[in-house]
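Enquirer: Sequence:
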Amino acid sequence: MKYRFQWNFPILFSKHDPSKLYTFSNHVHVTTNECQSWEVISPDLTRNDSTTLKSSGGPITQDNTSVEYYGTIFAANESPLQEGLIWVGSDDGLIHVTRNGGESWENVTPKKMPEWMMINSVEPSAFDAGTCYVAGTKYKSGDFAPYLYKTEDYGKSWEKITNGIPEEHFTRVVREDPKQKGLLYAGTETGMYISFNDGADWKPFQLNLPIVPITDLAIKDNDLIVATQGRSLWIIDDLTLLHQLYNVKNTDKPMLFQPEQVYRMDGGSRELSKTEGTNHPGGVTTYFYLPEFNSKKDSVSLTYFDAKKDTITSFSNHPKSSGDEKVKDSLKLKKGGNEFVWDMTYKGAEELPGMILWWASTAGPKQIPGDYTVKLNVNGTDFEQSYTVVPDPRAESSIADLQAQFDFIIDVNKTVDKAHKSIKKIRNINGQLKAFTTQYKNDKSLKELREKAKTLSDSLESIEKALYQTQNRSGQDPLNFPIKLTNKLAHLNSLVGMGNFGPTDQDVAVKAELTQKINTELAEFDALLSKQVVEFNKAFNERNLNYLFVEETK
1 MKYRFQWNFP ILFSKHDPSK LYTFSNHVHV TTNECQSWEV ISPDLTRNDS
51 TTLKSSGGPI TQDNTSVEYY GTIFAANESP LQEGLIWVGS DDGLIHVTRN
101 GGESWENVTP KKMPEWMMIN SVEPSAFDAG TCYVAGTKYK SGDFAPYLYK
151 TEDYGKSWEK ITNGIPEEHF TRVVREDPKQ KGLLYAGTET GMYISFNDGA
201 DWKPFQLNLP IVPITDLAIK DNDLIVATQG RSLWIIDDLT LLHQLYNVKN
251 TDKPMLFQPE QVYRMDGGSR ELSKTEGTNH PGGVTTYFYL PEFNSKKDSV
301 SLTYFDAKKD TITSFSNHPK SSGDEKVKDS LKLKKGGNEF VWDMTYKGAE
351 ELPGMILWWA STAGPKQIPG DYTVKLNVNG TDFEQSYTVV PDPRAESSIA
401 DLQAQFDFII DVNKTVDKAH KSIKKIRNIN GQLKAFTTQY KNDKSLKELR
451 EKAKTLSDSL ESIEKALYQT QNRSGQDPLN FPIKLTNKLA HLNSLVGMGN
501 FGPTDQDVAV KAELTQKINT ELAEFDALLS KQVVEFNKAF NERNLNYLFV
551 EETK
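The sequence shown begins at 1 in this note's numbering and counts up one residue at a time.
Since the hints were made in silico from the structure, they are not lab data. Mixed in with the good hints, there may be bad ones.
Cut-off 20 angstroms, straight-line C-alpha distance, at most; resulting in silico cross-link-like pairs (DMTMM-like, lysine to aspartate or glutamate) [to be verified]:
hint, residue 1, residue 2
1, 253, 384
2, 465, 521
3, 452, 306
4, 441, 458
5, 414, 292
6, 465, 524
7, 452, 384
8, 334, 292
9, 421, 507
10, 54, 44
11, 414, 524
12, 297, 310
13, 434, 411
14, 425, 524
15, 424, 526
16, 181, 143
17, 15, 167
18, 517, 505
19, 111, 159
20, 181, 167
21, 335, 306
22, 538, 392
23, 112, 63
24, 249, 292
25, 181, 153
26, 253, 44
27, 414, 535
28, 112, 68
29, 203, 216
30, 517, 507
31, 140, 103
32, 511, 443
33, 465, 350
34, 220, 392
35, 309, 350
36, 444, 542
37, 421, 458
38, 452, 505
39, 332, 298
Could you put the whole structure together from the sequences, leaning on the hints where they help?
Expert: Here you go:
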């Protein structure tokens, strides 16, 4: 064949011209017209050794399908800094570079590199045009040693950089972090390695990866994507954590790392499964470091603030039980590195124990795109970082639409919350009225007061039943009994919160109608509190009985 292409020949778009596509046989080909025509811009860049270019297969059955060729360009890449600076490596052990888009090529194969090395990957530096990293293998010849090389002078000289990688962990790929100079990742036959000093030393970077060949690596949006041989794709989220570690001088103090840019979108479960992948969490992933931690002695909290520095929500390892609604679930902490994911959801409306609502939500709205702050407090000392929420790039709505959605859900929850807290008060009062009636059922002198208790109880019960369907006992009961006011209003939360859109005119109209009806019931309840309950307590006092106590809900 005139051109030798093997099964997985390199093909790549120019990093500088999206209309320019390169592909590689034993030559370099380029097109700028969507493959209508191709230009050959190199000589044969392999050894072109006739002793290795024989009939494939045999001796009984030949296999000359034109893809089992040897003597091909196996790896190639263009510099992200300079257009036309292209590095190529062949499967028979040669490395070439052009600095002028293929007008001239130079053989820069390392002099001390073993012959017939398969050049498995080439990685031009994102920080220095003259720097390039190369990974090679010779395992097909029985040599399982790792081979990684670095040049800083366009290939005039090379340095072998494999210190720290075991002798038989042969290397398949090397990649440079495009945001942090000197940070390298290497994939080997038996797992991952990382270098923080430009390849001078390597350390295992296996974490929870299975011991498996790493065949390729890619970095996108500060995430490291790992291709394995038969064990799926793996991703390490948020390499900015590693970037920030470069500036760490003292590990004796707590540290709060700046959260990565957050997309306003849903995430999924991260629970481990043997049959399917795990989704990225939806929310603000916050990393922090505790040099020491004692669950009984140490007090640690994370608090999230909006652009006005108003508290959105807070989490603590010792949540307050005194009614501070802004302190939520307990943080699960350990000595060393900690990860916490907040789902970006504001505080919602209260739900009573056992409350059954049909297709309704009392959850708060998600953060809208903008700038926010998170604060770590460790035993009274604050550590603060900013972070940014950005829109889902697939969403069609504007920031104004998202703000309208946010305000709508906040307003709905405000009314539902007030109604549910009023129901809580109603139940508390009715419980006391029932206890009073039971205790004094045989006292003839309290007959009139018992009748007032029943009238008051009936009035309160009527309000509760207008606000909430009290006959619900299971998830299917709303099919039997009419849905009441707070369920209807909370249903709007579910509808408007489903996507990235503001409320429709109909949503706004229905919210206004339901809010007015709920407020009418709440006004009647307030009137009962200010008149009948006060009169009832006055009668208690006159008879030296206990007051009817209206407990404030938390």
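Enquirer: For the pair supplied as a hint, residue 253 and residue 44, confirm whether the alpha-carbon distance does not exceed 20 angstroms.
Expert: It is violated: about 58 angstroms lies between the C-alpha atoms, which goes past 20 angstroms.
Enquirer: Within 20 angstroms, alpha carbon to alpha carbon, are residue 441 and residue 458?
Expert: holds, 17 angstroms
Enquirer: Assess, step by step, whether the Cα of residue 297 is no farther than 20 angstroms from the Cα of residue 310, and give holds or violated.
Expert: violated, 28 angstroms
Enquirer: Next pair to validate is residue 140 with residue 103; report whether the Cα-Cα distance is within 20 angstroms.
Expert: It is violated: about 34 angstroms lies between the C-alpha atoms, which goes past 20 angstroms.
Enquirer: Would you mind confirming whether the straight-line C-alpha gap from residue 434 to residue 411 stays at or under 20 angstroms?
Expert: violated, 35 angstroms
Enquirer: Quickly compare the C-alpha distance for residue 111 and residue 159 to 20 angstroms and report which way the hint goes.
Expert: holds, 10 angstroms
Enquirer: Checking one constraint from the list: CA of residue 452 to CA of residue 505, max 20 angstroms. Satisfied?
Expert: With a Cα-Cα distance of about 45 angstroms, the restraint between residue 452 and residue 505 is violated, given a limit of 20 angstroms.
Enquirer: Taking 20 angstroms as the top limit, are the C-alpha atoms of residue 444 and residue 542 close enough?
Expert: With a Cα-Cα distance of about 16 angstroms, the restraint between residue 444 and residue 542 holds, given a limit of 20 angstroms.
Enquirer: Between residue 452 and residue 384, is the straight-line Cα distance small enough, at 20 angstroms or below?
Expert: violated, 57 angstroms
Enquirer: For residue 112 and residue 63, compute the direct alpha-carbon distance and say whether it is at most 20 angstroms.
Expert: Judged against 20 angstroms, a Cα distance of about 35 angstroms means the pair is violated.
Enquirer: Run the distance test for residue 424 versus residue 526: straight-line Cα separation, threshold 20 angstroms.
Expert: holds, 14 angstroms
Enquirer: What's the verdict on residue 511 and residue 443, does the C-alpha distance respect the 20 angstroms limit or exceed it?
Expert: With a Cα-Cα distance of about 48 angstroms, the restraint between residue 511 and residue 443 is violated, given a limit of 20 angstroms.
Hints 3, 5, 7, 9, 12, 13, 16, 17, 20, 21, 22, 23, 26, 27, 28, 31, 32, 35, 38 from the list above are not met by this structure, while the remaining hints are.
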